[in-house]
Amino acid sequence: MSKAGYIKQVASMGVVPLFMLLWVYAATAKLLEFEAFSIQLGQSPLLSAYAGILVWLVPLSEYVLSTLLLIPKTKNIGLYGSLCLMTAFTTYIIIILNYADFVPCSCGGILEALSWTEHLLFNGFCIILILLVLFINRLSFSNQSQHRSLANGLLPLGSGMLFSSVMVIVLFLTSEKQIHRNNAFIRRYIPHVFDQKQVYDLGVNSYYIAGLTTDSIYLGNSTAPFTLLSFDKNLSDFNSSQIKLENASDIKFLASKVKVNDSVLLLYDGTVPVLFSGALQSRKITPRRTPFYFTKLQPLASNRYAFTSRAAATNENELGLYSYADTSGFKLIPQILERQVDGIFDVEGFLTFNEELQRIIYVYRFRNEYLIMDTNLNEVHRKKLIDTISIAQLQIDTIAGKGQRKLGSNTIHVSNTIATSGKQLYVHSKRLGKYEPELDDGRSIVDVYDLNKGLYTHSLYLQHPGMKPLMDLALKNNQVYAICGTYLIHYQKTIQNRVTPN
1 MSKAGYIKQV
11 ASMGVVPLFM
21 LLWVYAATAK
31 LLEFEAFSIQ
41 LGQSPLLSAY
51 AGILVWLVPL
61 SEYVLSTLLL
71 IPKTKNIGLY
81 GSLCLMTAFT
91 TYIIIILNYA
101 DFVPCSCGGI
111 LEALSWTEHL
121 LFNGFCIILI
131 LLVLFINRLS
141 FSNQSQHRSL
151 ANGLLPLGSG
161 MLFSSVMVIV
171 LFLTSEKQIH
181 RNNAFIRRYI
191 PHVFDQKQVY
201 DLGVNSYYIA
211 GLTTDSIYLG
221 NSTAPFTLLS
231 FDKNLSDFNS
241 SQIKLENASD
251 IKFLASKVKV
261 NDSVLLLYDG
271 TVPVLFSGAL
281 QSRKITPRRT
291 PFYFTKLQPL
301 ASNRYAFTSR
311 AAATNENELG
321 LYSYADTSGF
331 KLIPQILERQ
341 VDGIFDVEGF
351 LTFNEELQRI
361 IYVYRFRNEY
371 LIMDTNLNEV
381 HRKKLIDTIS
391 IAQLQIDTIA
401 GKGQRKLGSN
411 TIHVSNTIAT
421 SGKQLYVHSK
431 RLGKYEPELD
441 DGRSIVDVYD
451 LNKGLYTHSL
461 YLQHPGMKPL
471 MDLALKNNQV
481 YAICGTYLIH
491 YQKTIQNRVT
501 PN
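The UniProt record's numbering numbers the first residue of the sequence shown as 1 and each following residue consecutively.
Keep in mind the hints are simulated off the structure, nothing from the lab.
Pairs of lysine-lysine residues, derived as DSS-like cross-links and limited to a Cα-Cα distance of at most 30 Å, are as follows:
1. K259 - K296
2. K233 - K257
3. K430 - K406
Work out the full structure: start from the sequences and follow the hints.
As structure tokens, this is what we get:
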């Protein structure tokens, strides 16, 4: 046997069985954990619109490739196919790491313990192995035709890898359009409503806006729940301080959150449940254990709060009121939040309070409706957003044996973030209306509503650095603040913002 033939045989004997085993194991693992694999694809930020097809196509392709590698006459076809599929997987990971709205916890599959970066390196190693075997096969034909063989071999290799990458990119782009685009409504955009003034890089994306005062903005941190960051209104001076909790040594916090309401500092956790309050200036707060569990809490005035909680009788989310002075403690008001699907996910939304109008506002996350209520929850006015989705379109996945229910990526989010100031309600939406271009230049859509008239007035593009979406928004007087990724941005609301409802 010639030296070239020996190298070819050793390479094939080492690499081909390795990929046969890899594909069989990968496909079998997906089918054995079919439900979990389906949920992973359904919750993918890239390919969720095609999850129903890919959940079968991917393991089938892996079985076909392993069969082609087993048969000597089709071994090279199997290697080319393996190169294309591995290239597609690699492209998927690159898009996940660089362009997706969020990065899932893990890659899933047989390498679930690896991080996305480690999985990317593993895929790159596999691609190099396949390329080496294919090049060795080409070089071993004859010395006289080596150059021609190499040239002829590069074209199908490059074409196959390019085609695989392009296919994944096309699937990603079309999946995003199917989920976010809605051609049933037309927005009216007003330019230069918010002028960007200052930008501050917070370094991490775990901050949220805890509250605004006349001259300061306060940020909480979901990963450092007892840290309070404060800036002056121009973001030129900041201070980081620790919140001092009294009598909290026996409390196990799970989902604590900070709010600043005028001169009062609040920290609460509805899973305990407990509510701390104290003077903002001292950063010292004392506990008031609440007699009920809650999911959202919104301070009103004079130690009164609006909240959402699960009703014991129905296990559905409902709105309620709580007051320190009320001897009855708290009360839930049934049927304000209207059930459409399950009374839990479908009524999820944003709870806020408009100080100028003294109105409680609740904006549904998954339907085109918002509620304007008085501070006793007696008067409820139901108004419509510009979006046309009136019934929540949810993908609720249940993992058998674990009792876990979660929303999949095919769930359509109508509202993503809200804020209110003056007589206006601001709603951030990622859904595109008719004639709207894709947002690929660091902009977020904000729709504006007149609360007195309950009507849509206009929309605006909120310019921000980077490509990360708008995460939080707050306004006070003419000062506007937003958090996008790791950036805190200060805007000035212009005087020219005078728009009347349609």
